[in-house]
Structures are given as C-alpha cells and as structure tokens.
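K.L.:
What follows is the residue order along each chain.
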Amino acid sequence: MIKGLYAAASAMLAGVTRQKNLAHNAANMDTPGFKETLSSLAEFMKTAVVYPPGNITQDPQQMYLGNIGLGVENSPLTTDFSEGPLNQTGHPYDLAITGPGFFRIRTPDGERYTRDGRFVRDASGGLVTLDGYQVLNKNGQPIKLPEGDFRVGEDGTITVGGKTAGQIGLAAFKDPQAELEMDANNHFKAKGSPTSTTVGRVEQGYLESSNVNSAQLMTQMISVARSYEAAQKMVQNTDQLLGETISSLGKIA
Amino acid sequence: MADSLFQILNISQQDMLSRLLDLDVTSNNVANINTIGFKRNRANFQELLQQKQQSGVYMQPTQILPDQGSMTTTTNPLDLSITGEGYFQVRLPGGGTGYTRDGRFSLDASHRIVNANGYPLVWQGQIPADSEEVQVQANGFVFSRVGNTWTQVGTIQVANFLNPTALQIDGSNTYLATPASGTARIGVPGTTNLGQIKSYTVEQSNVNMANEMTHMIQLQRSFQIASKTFQQTDTMISEAIEMRR
Chain A
0 MIKGLYAAAS AMLAGVTRQK NLAHNAANMD TPGFKETLSS LAEFMKTAVV
50 YPPGNITQDP QQMYLGNIGL GVENSPLTTD FSEGPLNQTG HPYDLAITGP
100 GFFRIRTPDG ERYTRDGRFV RDASGGLVTL DGYQVLNKNG QPIKLPEGDF
150 RVGEDGTITV GGKTAGQIGL AAFKDPQAEL EMDANNHFKA KGSPTSTTVG
200 RVEQGYLESS NVNSAQLMTQ MISVARSYEA AQKMVQNTDQ LLGETISSLG
250 KIA
Chain B
0 MADSLFQILN ISQQDMLSRL LDLDVTSNNV ANINTIGFKR NRANFQELLQ
50 QKQQSGVYMQ PTQILPDQGS MTTTTNPLDL SITGEGYFQV RLPGGGTGYT
100 RDGRFSLDAS HRIVNANGYP LVWQGQIPAD SEEVQVQANG FVFSRVGNTW
150 TQVGTIQVAN FLNPTALQID GSNTYLATPA SGTARIGVPG TTNLGQIKSY
200 TVEQSNVNMA NEMTHMIQLQ RSFQIASKTF QQTDTMISEA IEMRR
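Chains A and B are the protein sequences, given in the same order. Going by numbering that gives the first Met the number 0, the residue at position 53 of the first sequence is 52; the numbering climbs one at a time, nothing skipped. Going by numbering that gives the first Met the number 0, the residue at position 198 of the second sequence is 197; the numbering climbs one at a time, nothing skipped.
Bound-form chain A, shown alone (with noise of 0.2 Å):
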C-alpha cells in the first residue's frame, strides 16, 4: 500500500515539472525564434511481487506474482525544432531562416546555435545579436559592417551601400535533437561540428515566430491539471485506506 502512495506521489511530482515546462513556452510564445520544448513521462523502475511462504496457500515457497510498476517520472525534455511562422517586421536588421539552419553567434562560452535573427548593427559596426553577441560569418570570424544600406542576400551574402561585406554564417544539423542542447537565452550549444550543408535560405526583413501552438498548450495544461488530480485523490485515497487498515487490522471485535 505504501509502493501505491509512492506511485501516486510521484505522478504529482511529474505533474509539477510539466506544469513548469508549459508555463516556460507560454511564457515564450513571443519569443522569436523560440523552439518549445516537450516533456514526456517514463514508467519508474518496477519490483517484484512476491507472497511470502506460509501464507494462505500454505505453500513454504515464496511466490512470484509478477511486477508491479512504482509510478512515474519525466523523461528528459525534447526540443521541438520545426519552423515557426515567418512574421514580417519591415526592420532591415531582422533575419529569418526558411529552412533547418542555425545562425551561428560567438558567445564568451563559445560558438552557439541560434534561430532568433534580431540583430543590430552596435556602436562599433559589427552585427551583433540584442544580447550583444557577435553574428559569425561562413568563416566563423565576427562581422563588421561599414556605414551604409543593409541588405542581405537569400544565400546571405551582406552588401551595404551596394558593396559586398560578407556572408552570415549557417550551420545545420542532421539530428538537432540529438545533436543540440539548450543553453542559454534563446540559443543551443552543439555536442560536435554541423553535420549537415542544406542549411535554406535567409530572409531579410522577417522574424521567425516561436513555434509554440497555443492550442495545444491549452490542451496538455487540462490534461496536466486532471493528471495531477486524480494523482492527488490516489494519495488521498491510498492514505485513507492506511489508516483504516492501522485502525481496524488487529482489533478484537
């Protein structure tokens, strides 16, 4: 009975950090370039039912009546990487991707990997991201921009005031799932190099909206507040009958 208020605990538990998860992507349903991330639930470890020997049967062995599960915990978060809608802003400095790639930004950690094209030109003249991060070009090096009209081709290439100042760096990966994590702000961190070379087009002039669908965020934050009270009536429920079985087990009637 104890193994029940466990496994029904423990549905709560996993109840709460979904919960998290979905108030993260609502919170970032107007976050550009924002990729929501999925939670799943995995089965706990599971244990053996035994009967004890001498019990009803009376049979002196043990008896093997199968597994019982302990409940539940949450797999690891999954990114989901498909493209969100392309919202049209009309700021030269916006860039959206159509297509799998990643612009590719230098932070103080490292290279990182991101979708959220708001860039501005800085003080210094070089493309930067709001946070201030350097935007890399194909060769990975920082790009600065003289004075001058901004325009950027599909293929990337920059040309300000008619004249050619480099191309935005892409990088795309085969398996973003496997092969990205969540870092920080809005960008990913690669366990390796990008593996894939059709990284699409850019799009000047454009945002690419988060990719989370409001409708079935609805939907799962119901099935997660119904999860979370059936589990809560389990635990109720499996304390109720504890206490009547401490109550009225061994009582002479």
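Simulated from the structure, these hints should not be mistaken for laboratory data. Any given hint could turn out to be false.
Take a look, some chain B residues computed to stay more than 10 Å from chain A by CB distance [claimed, not checked]:
1) A30
2) K51
3) T74
4) L91
5) G93
6) H110
7) A179
8) E211
Just so you have them, the derived chain A footprint on chain B, three or more residues with Cβ under 8 Å [as the list claims (entries may be wrong)]:
9) 2-15
10) 120-134
Computed from a prediction, not measured in an experiment: that's the story for all the values here. C-beta atoms are modelled at their ideal positions from N, C-alpha and C, and glycine is treated no differently.
Could you slot chain B onto chain A? The hints should help.
P.N.:
Below, chain B alone, put in the same frame as chain A:
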C-alpha cells in the same frame, strides 16, 4: 532537482509583467500614430534560462525601429523632412544635443530656427534680422531673401548613428545618443549614408495601425494564457495542501 510550484508561479508572473510592458510599448505606438517624425518602438522578449533551467521570459532593451515614414506636403518652407537616414540636431534646454526626425521648424522672435517644442536647431549660420523669406535645399543649404536678393546664410547638417535602434527616448519626440548607439556622425545631407532634406514636407509616423492592432490581439491572448497558467499552478498548490485532510 525537483521543481517547485512556487517557481512556476514566478514564471507566469514574469510572463504577465512582460506582456504588460509590451502593452505599454504598443499603446505608445498607437498613441503616436499621428505624431510627426515618430518612430515605432518594439519590446523584445527573450527566453530566460538560468543554469539551463527553464525560467520563463525576460525583456531585452526596447528598440526604436527607424524605418522611413511617409511624407506629407505642407505650406511652410521650414517644414523639413529627411528622406533616408539621419536626424536633425536640436539644442535641449539643459544644453545637450537632442536628435529628432520631427522637422516642423519656424523662426522665433530672435530669428532662430526652432522646432515645435521651442528647441533651437543646431546649424551653421544665422538668419539675418531683415530676412523676408527662407528656403532650405536638399543638401542643407539655407537661403534667405532680402528684397530680390537671395543669399546663402548657412547650412543644416544632419547626424546619424551606427546603431540608431539604441537611441534613448528623451520625450517630445527627441532622442539622446547612448554608448550603445555610438556617437553622432555629422555630415552634409545627401552625402554618403545621410538622407536628403526635403523642404515643405513633414515625415509621418512610421506606425502601422493594422500591425499594432494585430499585435495587441496576440498580446491579449498571450496574457490570457499566462493568467490561466498562473491560476492552474495555484490550483495545484492548493491541491497539494489539501492532501492532508
């Protein structure tokens, strides 16, 4: 590490606060839809991960999006607009230099060129006291007429920044330079990377009503979802407490 329900409340709270800030920015854009020379602002949401833990959203600095507004013709020769990049420089009451795209200038009693707020335009020259008419050319040359004679009395130069999206809003449609915007680069209108001055026109605000309204609807829905999430987390906390009867 087990997640705490109270931390989830914080995520949703931050979510709602961010939407409210976005609402402020959007309402300010809508309020200035008819303000001459106004540039729309954008609130920037960013994902917040702390030690790789999902922590919701935070606001990055709001940007000014300096794209060109449309032009309207007027009858005042000192109504100036800039086609292309650049800002008029005005002397602020405190003595500093402000930058603006609002080019509704006029002559004050002491023959200074002042804008609608009374801030004097920073330019090289002087309007003679007996001037009967003033004209401004695309390259910023200012001419004054006395009788039948036109003479050049000075030039208006414009300022530009490497990162005009990071200018600081000083109110009254005036911006200040910041370390992030870079220092002002001043030059003759129409030369490299500086726009031309157009007399008898003013630049309309670059706010697009349809975009702002769409954004506001979206924002309202995001807020609703945030508040629902908050409520649900609260219910979960209450259920956890109620477990013990």
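K.L.:
It remains to establish, for every hint, whether it holds in the given structure.
P.N.:
Against the structure, the hints:
The Cβ of A30 of chain B lies farther than 10 Å from every Cβ of chain A, with a closest approach of about 20 Å, so its non-interface assignment holds. K51 of chain B, annotated as away from the interface, has a beta carbon of chain A within 10 Å; the closest lies near 6 Å. Distance check on T74 of chain B: its Cβ is at least 31 Å (rounded) from any Cβ of chain A, clearing the 10 Å threshold; non-interface status holds. The claim that L91 of chain B is not at the interface with chain A holds, since no C-beta of that chain comes within 10 Å of its own (minimum 21 Å).
Residue placement check: G93 of chain B keeps its beta carbon more than 10 Å from all beta carbons of chain A (closest about 23 Å). For H110 of chain B, the condition that its CB be more than 10 Å from all CB atoms of chain A holds, with the nearest at approximately 35 Å. Non-interface status of A179 of chain B relative to chain A is broken: a Cβ of that chain comes within 10 Å, the nearest being about 6 Å off. With a cut of 10 Å on Cβ distances, E211 of chain B stays outside the contact zone with chain A, its closest approach being about 13 Å.
Given a C-beta distance limit of less than 8 Å, the hint that chain A covers the segment 2-15 of chain B holds, as 9 residues qualify and 3 suffice. Taking a C-beta to C-beta cut-off of 8 Å, the segment 120-134 of chain B contributes 0 residues in contact with chain A, too few for the three needed, and the coverage statement is violated.
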